[in-house]
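Protein chains in written order, with the working numbering: chain R, 1 to 318; chain U, 1 to 139.
These are calculated hints, taken from the structure and not from any lab test.
A virtual CB, placed ideally from N, CA and C, is assigned to each residue, including glycine.
Incorrect hints may have been included.
Said to hold, decoys possible - Which stretches of chain U does chain R cover? Using the computed rule of at least three CB atoms under 8 Å from a CB of chain R, they are:
#1 9-15
#2 110-120
#3 128-136
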Amino acid sequence: MEIRNLINITDFSVREIDKMIDLAEDIMENPDAYQTRCAGKKLATLFFEPSTRTRLSFEAAMMELGGNVLGFSSSDSSSAAKGESVSDTIRTVGCYADIIAMRHPKEGAPLVAARRTTVPIINGGDGGHHHPTQTLTDLLTIKREKGRLSDLTIGLCGDLQFGRTVHSLIEAMLRYPDNRFILISPEELRVPPYIREELKSKGVEWRQVEKMEDVMGSLDILYMTRVQRERFFNEQDYIRLKDSYILDNKKMELAAEDLIVLHPLPRVNEISVEVDDDPRACYFKQALCGKYIRMALILTLLGLAKDEMKQGKEEVTA
Amino acid sequence: MNIDGVRNGIVIDHIPAGKSMDIYGLLNLKNLVCSVAVVQNAQSKKWGKKDIIKIDENIPLNLDVLGFVDPNITVNIIQDGSLIKKMHLELPETLTGVIKCKNPRCITTVEQEIVHSFKLADREKRQYRCVYCDALYKE
Numbered sequence: 001m002e003i004r005n006l007i008n009i010t011d012f013s014v015r016e017i018d019k020m021i022d023l024a025e026d027i028m029e030n031p032d033a034y035q036t037r038c039a040g041k042k043l044a045t046l047f048f049e050p051s052t053r054t055r056l057s058f059e060a061a062m063m064e065l066g067g068n069v070l071g072f073s074s075s076d077s078s079s080a081a082k083g084e085s086v087s088d089t090i091r092t093v094g095c096y097a098d099i100i101a102m103r104h105p106k107e108g109a110p111l112v113a114a115r116r117t118t119v120p121i122i123n124g125g126d127g128g129h130h131h132p133t134q135t136l137t138d139l140l141t142i143k144r145e146k147g148r149l150s151d152l153t154i155g156l157c158g159d160l161q162f163g164r165t166v167h168s169l170i171e172a173m174l175r176y177p178d179n180r181f182i183l184i185s186p187e188e189l190r191v192p193p194y195i196r197e198e199l200k201s202k203g204v205e206w207r208q209v210e211k212m213e214d215v216m217g218s219l220d221i222l223y224m225t226r227v228q229r230e231r232f233f234n235e236q237d238y239i240r241l242k243d244s245y246i247l248d249n250k251k252m253e254l255a256a257e258d259l260i261v262l263h264p265l266p267r268v269n270e271i272s273v274e275v276d277d278d279p280r281a282c283y284f285k286q287a288l289c290g291k292y293i294r295m296a297l298i299l300t301l302l303g304l305a306k307d308e309m310k311q312g313k314e315e316v317t318a
Numbered sequence: 001m002n003i004d005g006v007r008n009g010i011v012i013d014h015i016p017a018g019k020s021m022d023i024y025g026l027l028n029l030k031n032l033v034c035s036v037a038v039v040q041n042a043q044s045k046k047w048g049k050k051d052i053i054k055i056d057e058n059i060p061l062n063l064d065v066l067g068f069v070d071p072n073i074t075v076n077i078i079q080d081g082s083l084i085k086k087m088h089l090e091l092p093e094t095l096t097g098v099i100k101c102k103n104p105r106c107i108t109t110v111e112q113e114i115v116h117s118f119k120l121a122d123r124e125k126r127q128y129r130c131v132y133c134d135a136l137y138k139e
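Take these sequences, add in the hints, and give me the full structure.
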C-alpha cells in the first residue's frame, strides 16, 4: 500500500475529504463498529510544543479505535532537549509506531519527517504554516451543522493575517462551489496577499470589512479568531475597533437564526461566555468533531477504513 | 581587452551584467584548477552590456543554476576550437541545493543536513517557494 501523509489539506482531493467526512459521521452514528478497528496498532503523538485539543483528540481518537498511544507532549521531555534532530527522532519513533501525529514550531518539520520514515505522518501544526486536521475538523462541523459545504456565506473575523486556521479554511472552502467570503478584520490584520490573489483568481464573491456588526445578518457561518492588542500599529485604532471583534449576545441578535459560530479555540475574550448558551454557538461541538475526524483520518491513513473508503489515492484536484 | 579563445571548454554567454560572480559562486568555479575567465560588462548588441564566463575545460555544469540566474543565458560547448553544441536554458521547475531559505521559522534553519529545495511558483515573476515552509525566495 502506498504510504499517505497529511501535511497540507491539499494532499487530499475534495472527493477523498468528502469520504473522510462521511466516515467520521458513520463513526459518530456507530461507534461500536469501530472500537477494535485499530487493535494492535500504535499512534505516536510527538508534540514538540504544547497543545490541548489537538494532542488529546488524537490520543482519544486512537483509544476509541482500540489502539494504543505513546509519545511526548513537549520537546523538554524528548531527546530534542539534547539537540536531537527531527529526522533522527522520526527515524527512531518510526521503528515503534504505526502512525505518527506531530506538532513542531518550525515550518516544514512534518514534511522532513515524512521523508525520513515509512509510517504515515500527520501534521498537527507546524508553526504558522499548516494545521490540516483543524481544517478537517472545521469542514466536518460545517457539514454536520449546515448540511453542506457549498453555497455558504462565510465570515472570518479577527486576526486574518497570522491565523493559519483561517488561511487553510479559505483554501479548503474555495474547492467547493458557490461559497462567498466576508473577511472581517482591522486593516493591519487582513489576509496575506497570496490569499487575496487566490480569492480573485477563483472568481468568487468576497469582500473585506472592518466591523462585524455591518455583516452579521448576511452570514451562514461566523469563524472567530482572536485579535491581540500588540498586533495593532496604532493604539487609537485598537481602541476604536477592539469591541468590534468581541462577539456578545447583542451582536448575535443581528445574526440569522441558522448562523453557526465556530472558533478553533482556545478563546480568550473574543467570544463572551454569555454566547456559549446560544444554540448557534458550535465551537465546543467543533472540538468534539475534531476527535471523530481524526478517527476517520487514522483509519484512512492506516488503510483500515471501510471498503468504500479504501479506493486508493484519488487524483488531487484544486 | 583580450581574453584567449577557448579551444576545449565552455563559454557561458549572455549573462546579465553583474551576475557573473553570482554564477561563479553558485557553480563553485573557484574549486577548478583549469583557467577560468570572467568577463564583466562586455558589449552586447541585444542587452547593451553582458557578462561572459570562459572555462578552459569541459566540465559537467548544473544547468538548473544557470537557468535560475537567467533563462536567457546560453552555454556553448567548444571542442578543438569549434562550437559543437549551443544550449538554451529555461527556468527549472525545482532547485535543489542551490539557494537557501531565509525564513527564520523554516525547519531548514535548524536541521543542518536538510538539502534546501525550492519549487517554481510563478514562471512569469520568476518566483520560487521553499518546499518546506512555502516562503518566497528573496535575494
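These are the hints, each one checked on the structure:
no. : hint    : in the structure
1   : 9-15    : violated (count 0)
2   : 110-120 : holds (count 5)
3   : 128-136 : holds (count 6)
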